[in-house]
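Here is how the chains run, residue by residue.
2 protein chains.
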Amino acid sequence: MRQSKMFIPTQREVPASAESLSHQLMLKSGMIKQLARGVYTYLPITKMVLKNIEEIVREEMNQVGGNEVQMPVLAPKELWEESGRWEKYGKELIRLKDRHDRDFLLGPTHEEVVVDLVRDELKSYKRLPLTIYQIQTKFRDELRPRFGLLRGREFMMKDAYSFHVDQESLTKTYNDMYGAYEKIFSRIGLDYRAVEADSGAIGGSHTHEFMALSEIGEDTIVFSEASDYAANIEKAQCLRPETKSDEVEKDIEKIETPNIKSVDELAELLGVKVEETTKTMVVEVDGELKMIVIRGDHELNTVKLKTFFNSKTEPELADETDILEVFNAHGGSLGPVNSKIPVYIDYQVEVMKNFPVGANEDNYHLKNVNLKDFEVEAFGDFRFITEGEMAPDGSGPVKFREGIEVGQVFELGTEYSESMNLTVLNDKGKSVPVLMGCYGIGISRTLSAIVEKYHDDNGIMWPKSVTPFDIHIVMMNVKKDEFVEPAETLYNSLSKDFKVLLDDRDERAGVKFNDSDLIGIPVRVVVGRGIKDGVVEVKFRNSDEKHDVKLEDLKSFIEEHYA
Amino acid sequence: MRQSKMFIPTQREVPASAESLSHQLMLKSGMIKQLARGVYTYLPITKMVLKNIEEIVREEMNQVGGNEVQMPVLAPKELWEESGRWEKYGKELIRLKDRHDRDFLLGPTHEEVVVDLVRDELKSYKRLPLTIYQIQTKFRDELRPRFGLLRGREFMMKDAYSFHVDQESLTKTYNDMYGAYEKIFSRIGLDYRAVEADSGAIGGSHTHEFMALSEIGEDTIVFSEASDYAANIEKAQCLRPETKSDEVEKDIEKIETPNIKSVDELAELLGVKVEETTKTMVVEVDGELKMIVIRGDHELNTVKLKTFFNSKTEPELADETDILEVFNAHGGSLGPVNSKIPVYIDYQVEVMKNFPVGANEDNYHLKNVNLKDFEVEAFGDFRFITEGEMAPDGSGPVKFREGIEVGQVFELGTEYSESMNLTVLNDKGKSVPVLMGCYGIGISRTLSAIVEKYHDDNGIMWPKSVTPFDIHIVMMNVKKDEFVEPAETLYNSLSKDFKVLLDDRDERAGVKFNDSDLIGIPVRVVVGRGIKDGVVEVKFRNSDEKHDVKLEDLKSFIEEHYA
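Residue numbers (my numbering), protein chains in the order written: chain A, 1 to 563; chain B, 1 to 563.
Derived from the structure by calculation, the hints contain no laboratory data. Hints may contain errors.
As the list makes no split between identical chains, a pair holds if one copy fits it or if it spans any two.
Straight-line Cα separation of at most 27 Å, DSSO-like style, residue types lysine-lysine; simulated pairs [as the list claims (entries may be wrong)]:
(1) Lys499 to Lys51
(2) Lys479 to Lys430
(3) Lys428 to Lys480
(4) Lys51 to Lys5
(5) Lys88 to Lys399
(6) Lys235 to Lys480
All chains should be modelled from the sequences, with the hints used to inform the complete structure.
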């Protein structure tokens, strides 16, 4: 294509609000333009790369038996009431009314719609398994859209849904999808890890996230270098210590702790390390208050609490007013001794001795507290793992990496088929709820993840798998026939075997080279002064070396070096 | 692909609400499923055909220099306020609020968004002309969605926008687009006519609609068999008669006409033909009342009134209460003699003599009225043309055909660039508003138009250009190896050269043949009893003839007959 006819509005400056590298680079290289917060137009280069990504995804989905469909963006409230998500989904769901005052939503995901799609048709197990997928624009009204296409309010997703009569069949498709995802992200060229993840608001149990490793990841991946173990930090399990402290248990002592606001201050006052202190927190679990005690240097993990208590929603820290009402003391002065609510102790506190806790009385703590001094409802894993701890598989210490979630596979089980009455007759003629899996890939996120990985200080460096063009021909002076004619001839001949962009714009050489680096096409061919001797300059985007190549050798030179 | 793994839920019965043939056939052949009124899921066959249509459209758009982009579905209110359409567009515009209570809409068309996209970038005429297009889901909250994908609330559109520094450039791109549309609809295989059309709510002046001829068309096309003349009936011009009636003018006579409610009753009472009577109507034009007089047998055309009066909105018939207030008489008793509002006379009334009109007094008419008896503000063309009248180009009588609008090309001019401040510096360094064109194709409508044309009583008959598969292999009995093995071998070998669907379902032969006809793949190959002698039965969907073909001749037989 001719660059003079293309809309690639490269920029010298980008707004300071562009926080991530991919966001900055996509603005600079004229790939996206913001229309509203978290809402972007995909310009021609982006559209080309997205189509390449989509095609890879489509091929691998078809390989595992996927049926491509297109479900509507609009979905009626009634369907989402059946699943209970109309109420549960919260403010991220974009709701609207039609001209007849009927309620609709813009689909952020399509479990309800796909169940409705198949439930009239699937009568017998003979029609199963069935896998349906689509590549479509999705909507999520993020509170804080940011990082360009990484966290937008309107974005491209591939979402797939599978239907099964039994767990064996679901497991097979789950594994097929897992394999397809590995192929997709390998073909695209991302460094990724498949990690154990929390199933979040979609429900279900067994799930993996595919995380592209990246400096700017929004998620932290916990992994072991000594094994395959990898998990999202929300999910990464902390081991229960096997040995208790061998200290002698002392007697409780009540001490005055005026103006102590943090565990650091408490540790300093007591002359101990922070990890020798504890933190007591009160959380609300489906309307009931529970007391959680963790080590002073640890962080509470409410995702784990949700799993532990099997609660409907994710537990939240209790309001200060509720705490005052129950304890007649503020949140900073609480502890398990004589607690008025059930007490849950983190595994790491289980092995401590002679630790300090709040006295349930403002400005007082108790020291030398031991497990025998209070009633314990249960012990559990209530905190985030920390870097360097033993991995849950015992293989060695965990490390942390930042990552971008580009895909996720879920075993949904019967969550939606039960609430929405999707059943089939099994081979014994008995009506059973259909088992489901669902499988997402963030198409526009994947594009961002590619840019996060493939770039240098001068711009993007597209991997061949998704590049918008193979070759960028730069014509040095569009007003001189001595450059124009051979460049045009070259453009026509190379276009037979490659995707070629011809920079035929009336711009200075410096502008053209800058734009060429920004746009990041793998092979650059400059038609310059050497052309009078039949020589062009070839430079690959991922190297600084320049090669003078004779026209007659050009095609084979490119084929050899651009693999 | 294997039919056993595909989701093609064919139906025996379709709801009575499916009014059009394409709607019925697409439901029967398992191509679409309704989610809400006017909102459909596109099932696998539909998705395949749509992709084929899209690819043809994309190729021809790229040929005329189009830049493919993807603009967002969501657009902020502020942009549409700039153009004035936030207010003007009415209830078909789907509006919503985000979590921060900001107003958005779901794009039914993207003039505002595309102007915003380019206005920061286009500074100089050197960047022009520029053409941008997208293939995208659009939203229009139709009052009465119907006919399946023909008039939906969520639908697929190709919309293109071009930008120019002068009319010459706009005309060139308009003509290029017109040519591209001719290629597109010819390649797809539709019988179409490009007709002069009204520019409607989008604004602008020069415009053509591409209408697929069809039994069920929602629009009427007026055309001449003796020339290229064709127009939408809303636009088709009526000629001004050259000769007046040579009757002698008589004197006005007031007559009592109690209970006369229609021109038919009036004609009967007076003993004349309906075409010898007149109809007087009062319309509201931007808040002012105007009287329009047309012949008794003609129909008022408010689209022509809008053009004639150059009014902001389409004129509507005045309320009966407003009429009573001004005339102290009801709408059925009005006439131009002593009218209290300006009088406009249709060309066909201009040549009449001694005609009857209402007396502006209930239950009375005047007969033998002539032009000299009242004041005329202006004469004009205020009515719909009727079949058999002379075409406006004088080539012969017009005929009517029903059609489906599948595309439209518009010269928008400076309507949006002026209201939204899109200017460039021209070659004299002067800032000028950019001229725009816009060009739409209804992708999902085009699919319906194809089905309206290509079918018989048994189902769809896909034209090769867009068919989801070339060959449908029907395996007669999936439980017998004697059929299964050769069918599988055939499937693998034919798949190298053709898109093949293998019916490997465990169903009766009758079900398979019915479904095969419904789905409408051009070539059917039956692996049946003949296979023991190496013979299969070949039938083309558009013929009743069956051919016994030897396996070794099959490929060349198909290549020869399926062109």
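Results for each hint:
1. Lys499 to Lys51: For Lys499 and Lys51, both the intra-copy (14 Å) and inter-copy (22 Å) Cα distances are at most 27 Å.
2. Lys479 to Lys430: between (79 Å within a copy, 24 Å between copies)
3. Lys428 to Lys480: between (81 Å within a copy, 24 Å between copies)
4. Lys51 to Lys5: both (20 Å within a copy, 26 Å between copies)
5. Lys88 to Lys399: neither (35 Å within a copy, 59 Å between copies)
6. Lys235 to Lys480: neither (64 Å within a copy, 51 Å between copies)
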